[in-house]
Amino acid sequence: MDFELDSEQTALREAVRDLLNDAYASTEARRAVQADDPGFGEKTWLQLAEMGVLGLPFAEDVGGMEAGPVEVGLVAEELGRVIAPEPFVEAVVLAGGLVDAVGTADQRTALLGGLSDGSTLLGFAHTEPGSRWSPSAESVRAERRGDGWALTGVKTPVVAGARADVLVVSARTDAGTELFLVTGEDADRASFRTTDGGRAATVTFEGTAARVLGEAGVDRTDAIAQAVARAQIAACREAVGAMERALWLTVDYLKTRKQFGVTLSTFQALKFRAADMYVQLELARSTALWATLLLDAGGDALDAASRASVQVAEAARHIGQEAVQLHGGIAMTAEYSAGHYLARLLVLTHALGDRTHHLSRLASNLEGHRWVDPLAYGSATA
Amino acid sequence: MDFELDSEQTALREAVRDLLNDAYASTEARRAVQADDPGFGEKTWLQLAEMGVLGLPFAEDVGGMEAGPVEVGLVAEELGRVIAPEPFVEAVVLAGGLVDAVGTADQRTALLGGLSDGSTLLGFAHTEPGSRWSPSAESVRAERRGDGWALTGVKTPVVAGARADVLVVSARTDAGTELFLVTGEDADRASFRTTDGGRAATVTFEGTAARVLGEAGVDRTDAIAQAVARAQIAACREAVGAMERALWLTVDYLKTRKQFGVTLSTFQALKFRAADMYVQLELARSTALWATLLLDAGGDALDAASRASVQVAEAARHIGQEAVQLHGGIAMTAEYSAGHYLARLLVLTHALGDRTHHLSRLASNLEGHRWVDPLAYGSATA
Amino acid sequence: MRLRLSEDDAAFREEMREFFTTQVPSEIRESFAQGREHSKDDIVAAQRILNAAGIAVPAWPAEWGGRDWSPLRRHIWLEEMRFANVPPPLSFNASMIGPVIAAFGSQELKERFLPATANLDIWWSQGFSEPDAGSDLASLRTTAVRDGDEYVVNGQKTWTTLGQHGDWIFTLVRTDPQAPKRQMGISLLLVDMTSPGVTVRPIELIDGSFEVNEVWFDQVRVPVENLVGEEGQGWTYAKFLLGNERVGVAPVASIKRALADAKRIAATGGPGGSSLLDDPLVAARIAELENRLLALELTALRVVANSDEGKPHPASSVLKLNGTETQQAVTELLVDLAGPAALALGDGDGAQGLPHWAAHASPRYLNMRKASIYGGSNEIQRTIIAGTILGL
Amino acid sequence: MRLRLSEDDAAFREEMREFFTTQVPSEIRESFAQGREHSKDDIVAAQRILNAAGIAVPAWPAEWGGRDWSPLRRHIWLEEMRFANVPPPLSFNASMIGPVIAAFGSQELKERFLPATANLDIWWSQGFSEPDAGSDLASLRTTAVRDGDEYVVNGQKTWTTLGQHGDWIFTLVRTDPQAPKRQMGISLLLVDMTSPGVTVRPIELIDGSFEVNEVWFDQVRVPVENLVGEEGQGWTYAKFLLGNERVGVAPVASIKRALADAKRIAATGGPGGSSLLDDPLVAARIAELENRLLALELTALRVVANSDEGKPHPASSVLKLNGTETQQAVTELLVDLAGPAALALGDGDGAQGLPHWAAHASPRYLNMRKASIYGGSNEIQRTIIAGTILGL
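These protein sequence lines map, in sequence, to chains Y, V, D and U.
If you count the first sequence from 1, position 187 lands on 187 in my numbering, and the numbers rise without skipping.
If you count the second sequence from 1, position 224 lands on 224 in my numbering, and the numbers rise without skipping.
If you count the third sequence from 1, position 47 lands on 47 in my numbering, and the numbers rise without skipping.
If you count the fourth sequence from 1, position 290 lands on 290 in my numbering, and the numbers rise without skipping.
Watch out, some of these pointers could steer you wrong.
Stated by the list, open to error - Below, in silico cross-link-like pairs of lysine-lysine (DSSO-like), each with a Cα-Cα straight-line distance of 27 angstroms or less:
1. Y:Lys-258 x D:Lys-40
2. D:Lys-181 x D:Lys-239
3. U:Lys-181 x V:Lys-255
4. V:Lys-258 x U:Lys-239
5. D:Lys-110 x D:Lys-40
6. Y:Lys-258 x D:Lys-239
7. U:Lys-110 x U:Lys-40
8. U:Lys-181 x V:Lys-258
9. D:Lys-181 x Y:Lys-255
10. U:Lys-239 x U:Lys-110
11. U:Lys-239 x U:Lys-181
12. D:Lys-40 x D:Lys-181
Said to hold, decoys possible - Chain V is faced by these chain U residues, among others (derived, beta-carbon under 7 angstroms):
13. Arg-13
14. Glu-14
15. Ile-203
These are computed hints drawn from the structure, not numbers from a lab.
All C-beta atoms, glycine included, are put in the ideal place defined by N, C-alpha and C.
My request is simple: use the sequences and hints to build the entire structure.
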């Protein structure tokens with residue numbers, strides 16, 4: 001058992017941190033980047049590509065770095081720290097992860113290479129209006145048309161969907177839920193602002209041309225569930241980074257802001273609340289870290305994702321809200337960062353399943369184990 | 001709309017308060033009373049009878065005072081204030097209420113007269129091992145034997161069951177759940193201490209002779225549910241009295257107890273927690289008071305009981321635990337009163353249905369109303 | 001003790017309900033019911049309708065349009081209005097500066113301002129908070145220096161809600177920097193916002209809305225007759241202004257409607273139009289909120305029923321504290337009901353395909369975090385409860 | 001980064017598991033598994049078995065029986081022990097006075113006391129808290145006045161856990177009332193509890209149990225050689241004693257077993273043997289607790305894995321705070337699972353017909369409220385976190 005980064009991992013973390021600190025040195029800088037489409041920094045994205053970050057989890061022969069969940073997790077945590085708007089989790093871990101898991105050798109080479117070098121942005125078009133984190137597609141349907149396929153239906157929200165060069169789209173077929181590739185500009189995409197200042201799109205398919213991802217005729221529900229779980233764990237790490245920064249932002253504010261002639265840090269009730277934020281942070285961090293390591297050890301990703309999500313979502317709401325409340329009015333303004341942390345944490349803990357969703361999953365599986373043993377290898381439960 | 005007591009009600013409250021303050025002037029006095037069977041003050045019980053309190057809700061022709069839920073509620077609140085161990089709610093509101101609602105004229109005269117003058121203690125033997133606040137009897141069965149009936153089965157816990165002169169017992173018959181009267185000494189009664197220092201009994205019937213309460217062959221499930229709901233509302237008022245006293249006990253302690261050279265009341269975090277206790281108290285008080293008034297207005301007792309219970313149970317746990325925590329170690333000792341308030345509040349919020357039980361009832365009936373209107377007459381929901 | 005309203009009060013409730021649902025145009029009410037904020041025009045239009053009917057400023061003295069209603073009736077009036085989605089009279093006018101001018105202003109000030117204030121011919125803004133004085137109002141730094149028949153005002157105010165619409169602003173200024181205590185030496189000035197030197201800058205909030213403003217005073221000259229009451233008494237007036245209302249502290253009717261909407265939405269908001277109420281965790285959460293709200297409403301009713309006129313009721317702090325928490329909890333519920341659609345920040349642009357309520361869930365949630373900060377933060381309310389009620 | 005234990009540590013875990021489940025008599029373990037507290041005899045017997053195997057006091061210096069294990073191994077050792085329902089070595093001996101004597105005592109004191117302490121031939125009690133000094137330890141009033149070769153001790157201690165079994169008591173006393181700071185002038189004395197003038201009175205707790213005691217010293221004469229270390233350094237030793245353990249701060253394995261028991265009970269605890277887990281609110285609550293406990297355990301593992309020997313780890317406060325809250329939450333769960341049977345205060349007398357777990361739910365719940373008070377209240381833990389970790 002070992003919770004320390006090795007020297008390569010530490011170097012990666014430092015490099016990513018430096019890059020992001022430069023890019024998002026101020027709230028103003030982040031707002032400026034988000035003011036214009038696509039809602040994230042194209043330059044920063046390319047810099048991340050140059051650093052190898054966008055190819056982290058992929059094999060070297062498709063242009064990747066062949067790193068594991070630990071590296072992916074530490075990058076996510078760094079992104080979270082400055083609430084960077086780049087869609088690393090959605091494009092690399094989720095859409096890229098699906099291409100990697102399901103795609104043919106040619107598709108993997110073409111798409112993951114482009115993803116890794118920053119030339120091809122992938123998006124995952126899966127959520128449908130009214131759906132609640134189901135791993136299967138319901139209303140979007142795919143039909144054979146000639147050699148290829150045609151998609152019909154609506155996906156929303158699709159994170160960075162209007163910017164994506166290629167969309168990975170889930171759709172119903174006779175085989176169940178299959179995955180398809182659609183060239184971004186072939187789809188009707190209406191972009192909108194997201195809660196955290198980013199962009200998502202409503203993507204409408206009206207007989208839109210598509211290629212099947214991987215072999216045709218195979219139900220991909222499980223593959224989607226697995227990829228979402230891996231992305232969820234990375235999002236949890238991103239949330240941990242954001243919570244840590246939100247806490248320290250608050251602590252610094254308490255130390256410097258004066259009211260009634262003294263700094264806020266002299267008020268015991270506020271200090272205690274900061275202490276409770278720290279407790280929540282550390283519990284969430286432990287669980288998110290564990291989920292990462294469990295992935296690394298080949299454990300049950302779905303169980304780990306739900307466990308991390310329940311803990312992180314609780315902490316995120318608590319820490320996000322308290323960061324705003326302890327700051328007071330200033331945190332309500334877009335010019336100050338505390339509120340943006342609250343908003344980003346909301347997105348990170350809702351995009352891939354909220355707390356109730358994950359808790360219900362755990363609650364429905366209580367009788368499968370006597371207790372949870374975090375050190376059990378492969379499975380968390382005994 | 002009027003939340004004030006009239007002058008007669010105020011006089012009743014003062015009289016009961018004086019009596020109870022004399023009887024339970026100290027924690028030691030209460031412990032001494034509870035040290036011996038029956039776990040409450042026989043003398044205090046008779047004094048309450050003399051004051052008319054034990055006949056409050058019954059008609060004058062059976063020896064009662066013909067008062068309503070408001071009077072019953074204020075007496076309960078006074079009992080709660082000093083956590084008096086007398087079984088007013090169980091004997092008068094619950095067992096007496098059932099006799100009043102279901103009994104024949106003769107039974108009402110005989111039993112309620114004796115209950116009111118203190119000569120006959122009634123107990124309600126209804127809960128069965130493993131049962132969770134169901135209004136019907138399951139394992140205890142009644143069979144005809146000659147002119148009368150014979151009961152078989154176990155009831156537990158039966159509050160004050162070993163002391164009761166007459167037990168009102170629920171049992172299964174062909175008609176469903178009927179109610180029976182059993183002379184206390186005819187049953188096999190094993191007494192035990194309850195969490196709040198009182199006594200309950202496991203009552204075993206082995207062909208024990210019983211008379212049917214009221215007309216035979218009528219299912220009494222609804223009558224039991226109604227009586228339990230009325231008793232639950234009185235218990236909520238008792239809990240409000242206890243919470244109020246627990247709060248002020250804590251406030252007084254914070255004002256006088258010194259640590260680190262200053263009184264505890266100088267610590268902001270503790271002050272804020274006392275403020276939160278107050279908020280919970282007032283919300284619970286409002287709801288319990290409303291439930292009383294709704295009974296008075298002939299409203300839906302079951303709905304009112306569940307709404308009051310959900311609020312009171314939440315407040316009771318919060319206030320009881322915080323009273324102990326803010327006191328510190330001294331509240332863990334039996335010599336000091338704060339812990340007894342926690343224990344009594346536990347009993348008051350578990351005997352007739354815990355928070356989850358009542359919340360589930362409300363949750364299963366969400367679609368019957370658009371919103372809750374507390375001023376609607378008769379029914380709380382529109 | 002009695003639960004039901006007296007016959008007179010019940011009739012009053014009917015009368016109010018009738019008025020609000022028939023005399024205020026449904027466009028105004030519908031727009032709000034759909035989840036949009038009231039526009040300036042809607043607020044002005046509604047207040048003028050109420051004022052024409054003599055029910056815009058019931059708490060004022062009778063000679064200036066007040067109605068001498070009991071606190072219970074004022075409660076009913078306000079709650080029925082909120083329930084009917086009618087924008088309540090602008091609080092800066094009706095609850096804040098109006099009563100202060102009526103109580104402390106000269107006859108000339110009253111005649112000059114009260115009718116226009118009641119009719120919303122003047123849109124008042126509040127100039128109290130400053131960048132370095134949030135909850136600690138007494139540390140304000142904006143100065144007003146007497147120069148002949150004028151004060152020269154310099155300084156900065158912030159958190160001026162809806163100040164972008166303001167015609168006039170009532171402002172706390174320091175007129176005597178030498179006063180022995182900080183609370184002394186503060187005065188209350190009425191400032192025409194079109195005066196040279198007044199600058200208003202709307203502040204963007206985290207939900208993308210513009211509600212509050214910064215207001216700068218740069219050598220703004222204000223005639224001395226615009227002083228309310230006496231110089232140096234501003235702190236007293238401010239406390240009166242902030243503390244004299246115990247009616248409507250918690251917007252129970254608004255929360256009730258929002259929660260009822262949430263329940264209705266949940267009943268068909270699941271995948272394929274299924275009911276989210278079938279999820280016992282969702283059902284329990286809604287039942288819990290309905291009950292919390294019931295407790296809050298009952299507590300508000302107790303406060304107005306037992307109201308001792310004139311004295312700020314300390315239980316107001318209970319209502320403010322619990323009211324904001326309950327209100328916020330309902331916005332959280334809606335975010336969770338919205339599911340993945342909670343990613344949208346409103347239903348503009350490409351989000352039009354999302355249900356309106358779902359697309360607005362997150363911005364409302366973010367916006368409503370203000371409730372426990374503005375108007376005396378919940379920490380201030382706890383301090384009041386501990387101090388005033390518990391004696392701690 | 002790696003999740004699994006190293007092969008050596010995994011083997012160590014197996015070894016410990018094997019030892020505890022085979023070498024400690026099952027009567028001792030079963031009794032506790034049934035929900036009874038460990039008796040004095042059980043505690044003594046178990047500690048002697050461990051001591052004979054050389055694993056009673058692993059954190060001590062090697063020459064006095066210590067094992068020089070990593071913090072992770074000490075964690076595994078303790079957790080496996082708790083998991084096997086083996087009573088851990090008496091903390092007053094193994095974790096408190098033993099390490100202090102080993103670190104600060106004279107060679108003579110070490111020889112005289114350490115072997116007997118490790119073997120529980122001496123049952124130590126703790127004499128720190130006083131009636132007027134709860135969390136504020138430094139304000140203690142018990143005095144020790146030097147008189148020739150003896151100290152004369154007068155005063156009163158309280159909250160002396162299991163003091164009714166005590167042979168000796170380690171006591172903080174004030175030897176120099178004139179010391180410029182309260183923390184100075186305090187010394188640590190070892191007192192034979194059979195000395196004339198020592199009186200012990202067990203205090204009944206709210207669950208009817210007797211765990212803590214008041215201890216009076218009335219002109220008790222204590223030989224000067226029973227002074228630990230130097231006069232006036234008692235505060236330093238006390239801080240060492242209270243702060244030097246970061247292993248086992250949160251009794252994760254005990255909570256885990258209790259929660260697993262609760263789940264097993266719930267599965268058949270409904271009416272007619274039905275499963276309470278079918279109630280989604282109950283299931284969600286248990287799932288939530290399992291997850292909280294997982295987070296706690298992982299945090300404990302992080303603390304021991306990254307442990308920097310010798311320095312008290314501030315995260316210990318996180319473990320203490322969250323550990324007690326989680327432990328208390330499990331006792332609350334059991335009360336609610338017990339339903340109406342929660343009225344019983346144990347299963348004595350007529351309550352024998354009730355399930356053992358149900359009859360004990362309430363007294364355990366009441367008893368466990370102590371967890372957030374004793375051993376540094378949760379308010380103290382928050383103060384430590386805010387101060388030491390956050391710098392507030």
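| query | Which numbered hints does this structure break? | reply | Result: hints 1, 12, 13 and 14 break, sorted rising.
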